[in-house]
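S.K.: With the hints as constraints, model all of the structure from the sequences given.
Protein chains: 2
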Amino acid sequence: MKKIQQSSARTRFSTGSVPRRNEVSDAGNLKIIPLGGLGEVGRNMTIFEIQGKILICDMGFRMPSEDMPGIDYIVPNISYLKGKEKNILGIFFTHGHYDHIGNVPYLLKEIWHPNLEIFASPLTRGIILKRQEDFPQQPKLDINEVKDGYKVKLGPFSVEFFRQNHNIPDNLGLFIETPIGNILHTSDFKFDQNPINDLPTNFQKLRDFGKRKILLLMSDSTGAEEEGHSLSETDIFKNMEEIFRRSQGRIIAATFASLINRVQQIITLSEKYGRYVCLEGYSMKTNVELAKTLGYIKSKRGTLISIKEAQNYPDSKITVLCTGAQGESEAVLMRVVNKEHRFLKLKKGDTAIFSSSVIPGNERTVQVMKDEILRQGVRVFHYKMMDIHAGGHAQQEELKEMIKIMQPKFFFPIHGQYSMLVSHAELAKETGIPEKNIIVVENGNIINLSQKRIFIEKETVPSSYVMVDGLGIGDVGEVVLRDRQMLAKDGMFVIVAVVDKTTGKVRGSPDIISRGFVYLRESKELLRETRKKVIGIVDRAVTSGGAVNWVYIKDEIRNKIGQFLYTKTQRRPIILPVVIEV
Amino acid sequence: MKKIQQSSARTRFSTGSVPRRNEVSDAGNLKIIPLGGLGEVGRNMTIFEIQGKILICDMGFRMPSEDMPGIDYIVPNISYLKGKEKNILGIFFTHGHYDHIGNVPYLLKEIWHPNLEIFASPLTRGIILKRQEDFPQQPKLDINEVKDGYKVKLGPFSVEFFRQNHNIPDNLGLFIETPIGNILHTSDFKFDQNPINDLPTNFQKLRDFGKRKILLLMSDSTGAEEEGHSLSETDIFKNMEEIFRRSQGRIIAATFASLINRVQQIITLSEKYGRYVCLEGYSMKTNVELAKTLGYIKSKRGTLISIKEAQNYPDSKITVLCTGAQGESEAVLMRVVNKEHRFLKLKKGDTAIFSSSVIPGNERTVQVMKDEILRQGVRVFHYKMMDIHAGGHAQQEELKEMIKIMQPKFFFPIHGQYSMLVSHAELAKETGIPEKNIIVVENGNIINLSQKRIFIEKETVPSSYVMVDGLGIGDVGEVVLRDRQMLAKDGMFVIVAVVDKTTGKVRGSPDIISRGFVYLRESKELLRETRKKVIGIVDRAVTSGGAVNWVYIKDEIRNKIGQFLYTKTQRRPIILPVVIEV
Chain A
0 MKKIQQSSAR
10 TRFSTGSVPR
20 RNEVSDAGNL
30 KIIPLGGLGE
40 VGRNMTIFEI
50 QGKILICDMG
60 FRMPSEDMPG
70 IDYIVPNISY
80 LKGKEKNILG
90 IFFTHGHYDH
100 IGNVPYLLKE
110 IWHPNLEIFA
120 SPLTRGIILK
130 RQEDFPQQPK
140 LDINEVKDGY
150 KVKLGPFSVE
160 FFRQNHNIPD
170 NLGLFIETPI
180 GNILHTSDFK
190 FDQNPINDLP
200 TNFQKLRDFG
210 KRKILLLMSD
220 STGAEEEGHS
230 LSETDIFKNM
240 EEIFRRSQGR
250 IIAATFASLI
260 NRVQQIITLS
270 EKYGRYVCLE
280 GYSMKTNVEL
290 AKTLGYIKSK
300 RGTLISIKEA
310 QNYPDSKITV
320 LCTGAQGESE
330 AVLMRVVNKE
340 HRFLKLKKGD
350 TAIFSSSVIP
360 GNERTVQVMK
370 DEILRQGVRV
380 FHYKMMDIHA
390 GGHAQQEELK
400 EMIKIMQPKF
410 FFPIHGQYSM
420 LVSHAELAKE
430 TGIPEKNIIV
440 VENGNIINLS
450 QKRIFIEKET
460 VPSSYVMVDG
470 LGIGDVGEVV
480 LRDRQMLAKD
490 GMFVIVAVVD
500 KTTGKVRGSP
510 DIISRGFVYL
520 RESKELLRET
530 RKKVIGIVDR
540 AVTSGGAVNW
550 VYIKDEIRNK
560 IGQFLYTKTQ
570 RRPIILPVVI
580 EV
Chain B
0 MKKIQQSSAR
10 TRFSTGSVPR
20 RNEVSDAGNL
30 KIIPLGGLGE
40 VGRNMTIFEI
50 QGKILICDMG
60 FRMPSEDMPG
70 IDYIVPNISY
80 LKGKEKNILG
90 IFFTHGHYDH
100 IGNVPYLLKE
110 IWHPNLEIFA
120 SPLTRGIILK
130 RQEDFPQQPK
140 LDINEVKDGY
150 KVKLGPFSVE
160 FFRQNHNIPD
170 NLGLFIETPI
180 GNILHTSDFK
190 FDQNPINDLP
200 TNFQKLRDFG
210 KRKILLLMSD
220 STGAEEEGHS
230 LSETDIFKNM
240 EEIFRRSQGR
250 IIAATFASLI
260 NRVQQIITLS
270 EKYGRYVCLE
280 GYSMKTNVEL
290 AKTLGYIKSK
300 RGTLISIKEA
310 QNYPDSKITV
320 LCTGAQGESE
330 AVLMRVVNKE
340 HRFLKLKKGD
350 TAIFSSSVIP
360 GNERTVQVMK
370 DEILRQGVRV
380 FHYKMMDIHA
390 GGHAQQEELK
400 EMIKIMQPKF
410 FFPIHGQYSM
420 LVSHAELAKE
430 TGIPEKNIIV
440 VENGNIINLS
450 QKRIFIEKET
460 VPSSYVMVDG
470 LGIGDVGEVV
480 LRDRQMLAKD
490 GMFVIVAVVD
500 KTTGKVRGSP
510 DIISRGFVYL
520 RESKELLRET
530 RKKVIGIVDR
540 AVTSGGAVNW
550 VYIKDEIRNK
560 IGQFLYTKTQ
570 RRPIILPVVI
580 EV
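Residue numbers (numbering that gives the first Met the number 0), protein chains in the order written: chain A, 0 to 581; chain B, 0 to 581.
In case anyone wonders, no lab produced these hints; they're calculated from the structure. This structure is a prediction, so every number in the text was calculated from the model and none was measured. Some clues are possibly wrong.
No copy labels: a pair is met if it fits in one copy or bridges any two.
[Said to hold, decoys possible] Taking lysine-lysine pairs in the DSSO-like style, the calculated list, with each CA pair at most 30 Å apart, reads:
| hint | residue 1 | residue 2 |
| --- | --- | --- |
| 1 | Lys-559 | Lys-488 |
| 2 | Lys-347 | Lys-435 |
| 3 | Lys-532 | Lys-553 |
| 4 | Lys-346 | Lys-457 |
| 5 | Lys-553 | Lys-523 |
| 6 | Lys-488 | Lys-567 |
| 7 | Lys-347 | Lys-457 |
| 8 | Lys-553 | Lys-500 |
| 9 | Lys-399 | Lys-428 |
| 10 | Lys-435 | Lys-344 |
| 11 | Lys-129 | Lys-567 |
| 12 | Lys-553 | Lys-504 |
| 13 | Lys-346 | Lys-435 |
| 14 | Lys-408 | Lys-347 |
| 15 | Lys-344 | Lys-428 |
| 16 | Lys-30 | Lys-457 |
| 17 | Lys-553 | Lys-488 |
| 18 | Lys-531 | Lys-500 |
| 19 | Lys-237 | Lys-399 |
| 20 | Lys-30 | Lys-347 |
| 21 | Lys-553 | Lys-531 |
| 22 | Lys-523 | Lys-81 |
| 23 | Lys-488 | Lys-523 |
| 24 | Lys-532 | Lys-500 |
| 25 | Lys-204 | Lys-399 |
| 26 | Lys-52 | Lys-150 |
M.R.: Have a look at this one:
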């Protein structure tokens, strides 16, 4: 049984919604402005501003929720930076996951100028540049390569990079020296003393930072609601090995292409157990190719083969490493399951491994896919059954350890749902940080930091969603989304009435076009009645004397037909009257 | 770390998709036909048929998934019963949850006849009859009350009812004697030796059934993927008590109105800690009132007060028991969180308890609601943080125990996703049931059972979804749903062109009506170009000589404008051309 713990209320920490001291902001103070990533998972982007000079950390996107049909991504709102472009000295990317770099092809061009300095580790840089190739008309990016231990001075800031373990290699935390004090930004992280194909956490180095007096610690909250310690990649490796040891037929392993460490594990295990590896899926192929080129994925010559070549080998020699563990409809695994893949069909004896956690909202789709795989005679291993996936984020014990190592004066939990930020704030309190020195912040808040105190300013900056839909960035707003939701719920109903100018009568019978409402062929009586009512509405309006008010007629059709259809069906399609006077 | 276990492939068990023996079905054999509840959670309905006589167990619904916008419920397809109405001797309801009784107001009337016998426990009966009141034009139902130990003889069947613990009282399993042997149907169940306000599991009685030679065991699989033993309601009570003991302000407890046992716990604890209880939400009020009337919920006189009366007492004396723990948009909790509730507003010092698991698909909504509650200064306890909710379903150890007690010849896992059925089948195998005697079945399969063997017939009966949307039952099909999905994704675009019969030219400028596509006011250039293209299409078609083909013109508009809009926006709205010849 789990022990009792509790999420806590805002009122005990400094937050955006308690009355803020309305003091005149000191020009010498540091402002930190999160444009995304707080109260949500994804869309990470933070501004640091002092003496009129600006640094940016990360530019990510997040995936839309179910009530945003048709939306591809949500990106941070950068209007605060309008007019301040020239003050932006640099952009720092912590690692190559899309919730940290995904906004680059959409909005970086808005703030780009030739003197803008961009910094990223080799792998992160490679992923950003590779992705830019998919977006023509982007500025050619010149990205400075930085590594563990590198130090960069930009105006009033000095930034030192340090290695942090995560589930992608080449992840960097930032130690930022500013005129008012030092800030440590953890990036996404976990402590791992036995990682695969990577160096273990360098606690000595972290302790050295701690000794340099941390004014503010900004730490990853994604795992703050999870007890204990995150799993080591070595533990996961052992469990994965057990599956490899037992499997006689093909192994089909699905994961995110961006989980480079997991991809490496599967390649290593395949080599150990004499299996060739087929990469399937565009992002899997390109990511592995890039990571291999840069030396972040190691495989023996000949291990990677094509799915066509695989047909020359017995099943026991084959691993397929593919995308689609979230049940994405276009990804490889779903196409295989639906028997739409050209070369790959599931069969008895295959083993399927889902090595990624299920993103909230995808549970039902993943369950349906898992069921379908079982129906096709395949064994299924997923992360809920055994530890074959780790989230990549520090859990409660690690988070407390990080705070203890850094001994910061002020604490600012970053990255995560509001409940995670609150949990993380509680953990900081447990380690001894005074409540008044902990802030729980919302996107768009302005954090004012001086040596003596931290507070949230009364003013906020725009932080509303900017939605990406196809080629449009920000052109789908509330109204369009609401219409989409209504269309989805009950469909639409267009009524076209041609009215004779001279007689004021509807010519012939009104046309009705409907989608998503009822099956029209089986609703003839309903349509007949509707037409009759439309003719009646027009007749009454026209014969009531005076000038004919076409706007009124349209409103009448919309309201009366809407009521009529609701009475008959209890559905409310969007009604679009078209009245044409001829 | 969890121990290794594995879901298993169909091929080792008898299933619907392995080649079935094509023998002539013996008229003396029993047929069992599940119309719903297999490969899904919800929509439970099973037919038992022998010597031309039919028994039905349960008639439930399930909630739609995200890709079924606008759909209220999915109910079983009962077309197999068309023409056999007179053969239906009886319907047995196991308990009062909507996944077992929800279809009654929709489709029971289709099979109802005056000699149909219906059986349910007092609480189940009460819930069914109460719900019927919301649906006029339903046949007046005469439901026989049955209790633990009652026995009913109907034609070739004899059914004995026995108490099973679950999270609603008055849940009954069925021991069915048939000419070919005995079937035990567990209903939803868990073993609980310390339930709240209910009798503990009667193992002696179960063992007695086991001694009576069970030919077939049909057992609840909902918990078959969960290790160990389900929590006892007494353990949950202890954790809940801890929250009550600590809370100073109001307690706002959200759960399902149908979780009568949880509701009782909260009332009992409130009384113990000197709190009055306000019931909020229509279903909460009606369910508690009904359960109280029938004696299934006990509260002291004066405990239940209205939310208005609550204002006369200090916060420490108030518990609010409400609906909405799933983040349902119309339920009480969401209205309170959104500050739309007339009397109830959250405030600092309140404690919110989410005492129900999150239904897959609702995770994101619940997270957003939880965050919003935290923002309003309220402490939050949810079932992931501590054990304040139990699912009501037996887990792996209990399921194995049930099989061991019954020692059935054949085993048929019921209720649950396909992966749960497969896991349950594995458990049965572990307890010693031979693989060939275990069947994993799909909805619509016909199970042929004799004393010697069990197999799935080659033929199937219709089991496709019947969707309820407003007043329509089954009138929304694939086409309408697909249109809704398309409308949701990229909206719609109506083009109205009035063409002069004599000149063949478009009169004036074509009208454009669009919803859910782009914000029209900011897309004037796009609309201007679209209009110009429409005029061009009509002109070309009309002047190309010969009779004007209006169907061709509409197709041209649909295709060409569709391509044009996609090039400009990468969106594909549904395009509806209206061409009017005047």
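S.K.: Evaluate Lys-346 and Lys-457 at a C-alpha cut-off of 30 Å and name the case that applies: within, between, both or neither.
M.R.: Between copies only: 22 Å across chains, 62 Å inside a chain, cut-off 30 Å.
S.K.: Is the C-alpha distance from Lys-532 to Lys-500 at most 30 Å within one copy, between copies, in both cases, or in neither?
M.R.: both (20 Å within a copy, 28 Å between copies)
S.K.: Is the C-alpha distance from Lys-553 to Lys-488 at most 30 Å within one copy, between copies, in both cases, or in neither?
M.R.: Cα proximity of Lys-553 and Lys-488: in one copy and across copies (23 Å, 27 Å).
S.K.: Cα distance capped at 30 Å. Does Lys-531 pair with Lys-500 within a copy, between copies, both, or neither?
M.R.: both (19 Å within a copy, 26 Å between copies)
S.K.: Given identical chains, is Lys-346 near Lys-435, meaning Cα to Cα at most 30 Å, within a copy, between copies, both, or neither?
M.R.: Intra 60 Å, inter 21 Å, cutoff 30 Å: inter-copy only.
S.K.: Treating 30 Å as the Cα threshold, decide for Lys-347 and Lys-435: within, between, both or neither.
M.R.: Between. Shortest inter-copy distance 17 Å satisfies the 30 Å Cα cut-off; intra-copy 61 Å does not.
S.K.: If the cutoff is 30 Å on CA atoms, where do Lys-488 and Lys-567 land: within, between, both or neither? Let me know, please.
M.R.: both (16 Å within a copy, 27 Å between copies)
S.K.: Tell me, please, which holds for Lys-399 and Lys-428 at an alpha-carbon limit of 30 Å: within, between, both or neither?
M.R.: within (10 Å within a copy, 45 Å between copies)
S.K.: Within a copy, between copies, both or neither: where do Lys-408 and Lys-347 come within 30 Å Cα-Cα?
M.R.: Answer is between: at 27 Å across copies they meet the 30 Å cutoff, but 59 Å inside does not.
S.K.: Given identical chains, is Lys-344 near Lys-428, meaning Cα to Cα at most 30 Å, within a copy, between copies, both, or neither?
M.R.: Classified as between: cross-chain Cα gap 28 Å, same-chain 54 Å, threshold 30 Å.
S.K.: As a check of your reading, is Lys-553 near Lys-531 (CA-CA no more than 30 Å) within one copy, between copies, both or neither?
M.R.: Both. Shortest intra-copy (15 Å) and inter-copy (26 Å) distances satisfy the 30 Å Cα cut-off.
S.K.: Is the C-alpha distance from Lys-523 to Lys-81 at most 30 Å within one copy, between copies, in both cases, or in neither?
M.R.: between (56 Å within a copy, 25 Å between copies)
Comparing the model with each numbered hint stated earlier shows that all of them hold.
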